[in-house]
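K.L.:
Chain residues, written in single-letter form:
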Amino acid sequence: MSADPLDLARLHAALAQCEMALVRRDNVAAALLAQAARHAEGLPGGDLVAAAARLVRAVDVGGGESAERAARKVAQALCRSALQTTEAALIGAASGSRHG
Amino acid sequence: MTRVWGEDGALLGGLGLDPAALAALEDRTAREARLPAGAEIVDAHVHLGRDADGHELGAEALLADLDRRGIGAAVCFPANDPGDDGQFSLANWVVARAAADARGRIIPFCRVDPRRPGAEEAMARAGREGARGLKLHPVAQRFRPEDPAVVLVVRAAAARGWPVLIHAGFGARALAEPIGMLADAAPGATLILAHGGRGDARALARLAGTRPRIMFDTSLAALPDLVALPPDRLCFGSDRPYGEHASALHLVGAAARLAGWSDAEFRGVLAGNLRRVLDGGT
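Read top to bottom, the protein sequences are chains A and H. Position one of the first sequence corresponds to residue 1 (this note's numbering), numbered consecutively onward. Position one of the second sequence corresponds to residue 1 (this note's numbering), numbered consecutively onward.
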C-alpha cells in the first residue's frame, strides 16, 4: 500500500530542516531528527531516519574532532537518502494523481 | 580501510556506533539504485585535498570509495585551497600527481580564480601536468559567471578542448542569465553545471533548452530537477567529500525510474555522457 501523501509531505519538510541543521552543525539537529523519526515511522526510509536520530544523540553535532565530523557526515548521508526516498514517493504519488 | 558512507569506519566505531549496521543501510541504499547490469560508472564531481571549510579527501580514501561502489573513475579537482599564488597551483599539481598514480581512475581537472592575475598561465601549467578540464566556483572565489575575466578562461578551456564544470548549487544570485551570457560569449565551450543547477533550477533548465552545450552533473542535486532535465544532458556525480556515493547512486536510480529513462539513457547518465564530453563532443 502506498504511503499517505500528507505523511510524506510532513516528513519531507522535517527532513529538509534536519539536513540544513546538520550542514550548519547546529545542535538543534538532534531534536529535529527525533521529531522526524516519529514522522517517519512506517514510511519508506523510516529506518534511515531512525538511524540518523540515534547517531546524533550519541555525538556532539557541533564538534570539530575527526570522529564527530565523520558521524555528522554519516547522519547527513542518512538524512539525504531518506529525503530522496520521500521525494521519490511524493513525486510518484503526484504523478499517479495527475495521470490517474 | 573500512569505509562507511564515505567515512572511516574505525572513527565511527570509536564513538560507540555500529559501523556494520550503518554499512548495511548504506549497501541497501546503493542497491535501490537498480543500476543497469554491468554499467560503467564515472563520477563527474570530486574534490581532492583539504578545503578551507575543513572537508578533506585524499586519493587513497577516494579509490577505496570507488572500489566499494564499483565506480571506474572520477573527475577530480582541488578543494577550495587556492594557496599562496591564489591560483591553486600546488593543489592542481597534487591532483595531477594523484591522477598519474591512479592509472586512469582519476581524471584531473584544474581549478583557477579567473579574476586574479595568472589564471591562464595556471591553466597552461595544469595542462602540461595532465589536466583535462576546468573547475570554477563563482561563490568560493566571489566572481560573476559573466565577468569578462571568466569569459577569457572559459574560452581558453574550450580552445584546449576542456569542459568547464561550474558550481551551480548554493548561492544567492540568479544563475540563468549570467550562465546564458557566458555560454553566448564562449560558444565553443561545454559547460557542466554542478548539482543539477539547483541554485536556479527552473530557469537553468529553460536555458539549457536553447544551449546544446550546457550539461548538468547530478551531485547533491534535487530529485525533481533531475526528473525534469533531459537525461542526455546529465552526468553522474557525488561531490565527495560533501556527498557520498550510495546516496548519489540512489538519487540517479530514483530519477531514472520516475522519468522513465531507457537503459541506454541511464548508462549515458552514469558514464557515457561524460565520456562523450571528455572526448570533445557535446
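No lab work stands behind these hints, which were simulated from the structure alone. Be aware that one or more of the hints could be misleading.
[What the hints assert, rightly or not] Quick partial rundown of chain H residues pointing at chain A, CB under 8 Å, derived from the structure:
{"hint": "1", "residue": "VAL4"}
{"hint": "2", "residue": "GLU7"}
{"hint": "3", "residue": "LEU63"}
{"hint": "4", "residue": "LEU223"}
[Said to hold, decoys possible] 20 Å max Cα-Cα, derived DMTMM-like pairs, lysine to aspartate or glutamate:
{"hint": "5", "chain 1": "A", "residue 1": "LYS73", "chain 2": "H", "residue 2": "ASP8"}
{"hint": "6", "chain 1": "A", "residue 1": "LYS73", "chain 2": "H", "residue 2": "ASP53"}
{"hint": "7", "chain 1": "A", "residue 1": "LYS73", "chain 2": "A", "residue 2": "ASP47"}
{"hint": "8", "chain 1": "A", "residue 1": "LYS73", "chain 2": "H", "residue 2": "GLU265"}
{"hint": "9", "chain 1": "A", "residue 1": "LYS73", "chain 2": "H", "residue 2": "ASP85"}
{"hint": "10", "chain 1": "A", "residue 1": "LYS73", "chain 2": "A", "residue 2": "ASP4"}
{"hint": "11", "chain 1": "A", "residue 1": "LYS73", "chain 2": "H", "residue 2": "ASP184"}
{"hint": "12", "chain 1": "A", "residue 1": "LYS73", "chain 2": "H", "residue 2": "ASP84"}
{"hint": "13", "chain 1": "A", "residue 1": "LYS73", "chain 2": "H", "residue 2": "ASP18"}
{"hint": "14", "chain 1": "A", "residue 1": "LYS73", "chain 2": "A", "residue 2": "ASP60"}
Built from N, CA and C at the ideal position, the CB exists for glycine as well.
K.L.:
If a hint holds in the structure, say so; if it does not, say that too.
P.N.:
So, going through the hints one by one against the coordinates:
1. Restraint check, H:VAL4 versus chain A: the minimum CB separation of about 7 Å is within 8 Å; hint holds.
2. Of the supplied interface hints, the one on H:GLU7 holds, with its beta-carbon coming within about 4 Å of a beta-carbon of chain A, less than 8 Å.
3. With 8 Å as the threshold, the beta carbon of H:LEU63 stays out of range of chain A, its nearest partner Cβ sitting at about 18 Å, so the hint is violated.
4. Taking 8 Å as the C-beta contact cut-off toward chain A, the hint placing H:LEU223 at the interface holds, the least distance being around 4 Å.
5. The hinted pair formed by A:LYS73 and H:ASP8 meets the criterion: a straight-line CA distance of about 11 Å does not exceed 20 Å.
6. At most 20 Å may separate the alpha-carbon atoms for a hinted pair to count; A:LYS73 and H:ASP53 meet this at roughly 14 Å.
7. For the suggested pair A:LYS73 and A:ASP47, the alpha carbons sit about 17 Å apart, so the restraint of at most 20 Å is met.
8. A distance of roughly 31 Å separates the Cα atoms of A:LYS73 and H:GLU265; the hinted pair therefore is violated under the 20 Å criterion.
9. Between A:LYS73 and H:ASP85 the alpha-carbon distance is near 31 Å, which puts this suggested pair outside the 20 Å criterion.
10. A C-alpha spacing of about 30 Å is found between A:LYS73 and A:ASP4, which places the hinted pair above 20 Å, so the restraint is violated.
11. For a cut-off of 20 Å, the pair hint linking A:LYS73 to H:ASP184 is broken: about 39 Å separates their Cα positions.
12. Taking the CA atoms of A:LYS73 and H:ASP84, the gap is near 29 Å; set against the 20 Å cutoff, the hint is violated.
13. With a CA separation close to 15 Å, the supplied pair A:LYS73 and H:ASP18 stays within the 20 Å bound.
14. A hinted pair counts as satisfied when its Cα atoms are at most 20 Å apart, and A:LYS73 with A:ASP60 qualifies at roughly 12 Å.
Checked against the numbered hints above, the structure violates hints 3, 8, 9, 10, 11, 12; every other hint is satisfied.
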